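For the record, the sequence lines run as chains A and B. Numbering follows the numbering used here, in which position 293 of the first sequence is assigned residue number 293; successive positions increment by one, without gaps. Numbering follows the numbering used here, in which position 5 of the second sequence is assigned residue number 299; successive positions increment by one, without gaps.
In short, the hints are calculated from the structure, not lab data. There could be a bad hint or two in this list.
[Stated by the list, open to error] Reference excerpt, derived from the structure (chain A facing chain B, CB under 7 Å, subset only): (1) G50; (2) L53; (3) V100; (4) S102; (5) F106; (6) T119; (7) G124; (8) L126; (9) D182; (10) Q229; (11) L236; (12) V238; (13) I265; (14) I267; (15) I272; (16) Q280.
[As the list claims (entries may be wrong)] Partial selection, computed: residues in chain A whose CB lies under 8 Å from chain B: (17) E9; (18) V10; (19) I26; (20) P30; (21) N61; (22) M93; (23) M96; (24) Y130; (25) P149; (26) G206; (27) W210; (28) R233.
Keep in mind it's a predicted model, so treat the numbers as computed, not measured. Just so it is clear, CB atoms sit at the ideal spot from N, CA and C, and this is done for glycine as well.
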Amino acid sequence: MIRKRSIGEVLFDAINYMLLAGIAFITTYPFIYVIFASLSDSKLLMAHRGVLLSPIGFSFNAYRMAFVNPNILSGYGVTIVVLVAGVSVNLLMTSMGAYVLSRKTFKLKNIFMIMIILTMYIQGGLIPRYLVINNFLGLGNNLLSLILPHAIMTMNLIIMRTNFNQIPGSLEESARIDGANDFIILFRIILPVSKAIVAVMILYYGVHHWNSWFDAMIFLRDRHLYPLQLVLREILIVNSMESMIESGAGGDTEAIGESIKYATIVIATIPILCVYPFIQKYFAKGVMIGAVKG
Amino acid sequence: MESVGGVMSKKFITSGTVSSRDGTSLIKIILKEVTSNKYLYIMALPVALYYLLFHYGPMYGAVIAFKDYNIAKGVLESPWVGFKHFQTFFESRYFGRLMRNTFFISLEQLIWGFPAPVLLALLLNEVRNKYFKRTVQTLSYLPHFISLVVIAGMIHDFMGRDGLITDLFTLLGGKRTNLLSVAGYFRTIYVSTGIWQQIGWGSIIYLAALSGIDSMQYEAAEIDGAGRLRKLLHITIPGMLPTVIILLILNIGNMLNIGFQKVILLYNPLTYETADIISSFVYRTGLGGSFQYSYTTAIGMFQSTLNLILLLSANRLSRKVSETSLW
């Protein structure tokens with residue numbers, strides 16, 4: 001059906017497209033600026049004012065110097081260790097929890113569910129949580145403090161349970177007749193047919209571990225245990241705050257430091273950008289599942 | 295979605311437990327239940343343990359808000375002091391400032407931050423070229439996935455003395471300075487960068503609501519001669535309204551739950567006057583040097599109580615007004 005478009009409609013469309021292109025530009029340009037700046041010459045960059053349309057005085061120097069910083073390399077290593085171990089624990093715990101909660105014959109199911117949902121609304125608070133993890137469990141200055149307390153995110157547990165609930169019961173019934181126990185049913189039957197949700201969980205938890213920094217800041221004391229985000233915080237933020245306070249209204253940053261900062265941002269963000277096409281597809285799906293059940 | 299079979303078996307279970315009244319047979323029934331489902335209980339155990347330790351543990355630990363907690367004595371042995379810490383907080387000179395900052399940042403975030411994704415979804419919904427639409431969506435999600443530390447680092451850099459945004463700011467007639475060192479700008483920076491981070495991501499849920507509208511409605515309206523504006527006002531907006539209301543309730547309920555991690559990354563002693571909120575104060579006084587555990591636990595508890603009251607009343611209100619509620 002072809003309709004004639006009025007002048008008002010054409011005008012509306014034009015404005016709408018321009019607005020949306022503007023929004024897309026604003027959300028993207030800062031990252032493009034960072035990439036250009038990281039490839040620029042530090043001195044020229046310092047003298048430059050306003051937007052960058054391309055790198056000025058193209059050079060890879062900043063990257064070379066950023067990679068020399070031992071903290072960035074060790075931070076990367078720690079983050080990868082925590083990510084791999086953390087996501088493994090997450091998958092194991094979340095799928096077991098979701099499986100248990102999706103069994104209609106499990107007698108404690110409803111009590112369990114209430115106890116779990118309750119934790120979304122009532123929390124002990126920052127300080128008691130710190131005392132439990134640091135003092136009671138003695139996980140302070142230990143990478144386990146970044147893994148165990150995050151073993152399950154309740155929202156993810158609920159999403160996964162919703163997914164398990166939708167699997168037809170006939171699949172497991174035949175296995176049960178053959179004498180399979182719950183572990184076999186979960187790992188051999190349920191999980192293999194739930195690859196999509198497992199992928200979502202890996203991404204959800206993976207991004208969470210990659211991005212988190214606060215617990216590392218409060219629990220870890222040894223610098224060699226610092227994950228990447230905490231190292232970044234020192235490079236990008238602590239220095240900036242200190243210079244701001246010293247000079248009252250903020251002094252000039254050192255010329256050499258400037259493009260290294262940008263290179264550091266790029267180095268720390270590239271893994272996320274690499275998985276971004278997958279993330280944004282699967283995450284959007286997760287939002288829907290969460291919304292339906294939430 | 296429970297199947298009919300599920301409901302039936304539930305009924306069966308309850309009638310089964312009711313009939314067993316005397317003690318010894320109850321233990322027997324429990325034992326039989328556990329042994330016949332032992333793998334299920336083995337799986338449930340670590341999950342239960344996780345929630346007990348990391349969620350219910352801190353809830354129990356929160357009793358130190360009413361005690362003078364001393365690490366050597368532990369939670370149980372530390373003496374009760376009633377509401378002393380709450381009173382100290384209410385009378386302290388920080389109380390007014392923290393309440394004011396928490397309230398105003400929350401409010402500004404709600405007023406400016408809530409409508410932004412709704413508007414974006416409406417604009418995107420009017421786009422007919424699906425490639426353009428998808429590109430805009432993909433690009434606008436980007437900031438959501440970048441770590442908070444990097445986002446805050448970029449804000450520090452762009453708003454620094456020689457930063458990109460400071461450049462624009464001086465171009466528009468502002469004074470060249472580090473924008474993050476000016477107390478008067480903090481709220482605006484916090485809220486506007488928050489919109490920048492979440493506008494694209496926040497619009498997903500509204501777009502989902504819009505795609506759920508029956509296309510028959512639009513076709514019928516077209517046959518009746520309705521233009522685009524008519525369709526927007528009478529089909530699109532009413533169609534997404536329930537979703538908007540639910541999310542508005544959720545947002546009001548969680549209003550005071552400001553992302554304090556971002557505050558901690560952006561504020562500094564020069565801006566405490568407008569930037570310091572209850573949770574950042576709890577962090578700074580509880581863990582950032584002075585270790586006043588009981589006092590800060592009390593402050594945290596005060597805030598979570600406010601949060602809960604807000605959530606419950608927002609929910610009640612919505613049930614009255616619109617029959618949509620969270621539970």
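Hints, verified against the model:
no., hint, result
1, G50, "holds (5 Å)"
2, L53, "violated (13 Å)"
3, V100, "holds (5 Å)"
4, S102, "violated (11 Å)"
5, F106, "holds (6 Å)"
6, T119, "holds (4 Å)"
7, G124, "holds (3 Å)"
8, L126, "holds (6 Å)"
9, D182, "holds (4 Å)"
10, Q229, "holds (5 Å)"
11, L236, "holds (3 Å)"
12, V238, "violated (10 Å)"
13, I265, "holds (6 Å)"
14, I267, "violated (11 Å)"
15, I272, "holds (6 Å)"
16, Q280, "holds (5 Å)"
17, E9, "holds (6 Å)"
18, V10, "violated (11 Å)"
19, I26, "holds (7 Å)"
20, P30, "holds (6 Å)"
21, N61, "violated (18 Å)"
22, M93, "holds (6 Å)"
23, M96, "holds (4 Å)"
24, Y130, "holds (6 Å)"
25, P149, "holds (5 Å)"
26, G206, "violated (11 Å)"
27, W210, "holds (7 Å)"
28, R233, "holds (5 Å)"
The structure does not agree with the numbered hints 2, 4, 12, 14, 18, 21 and 26 stated previously, though it agrees with the rest.
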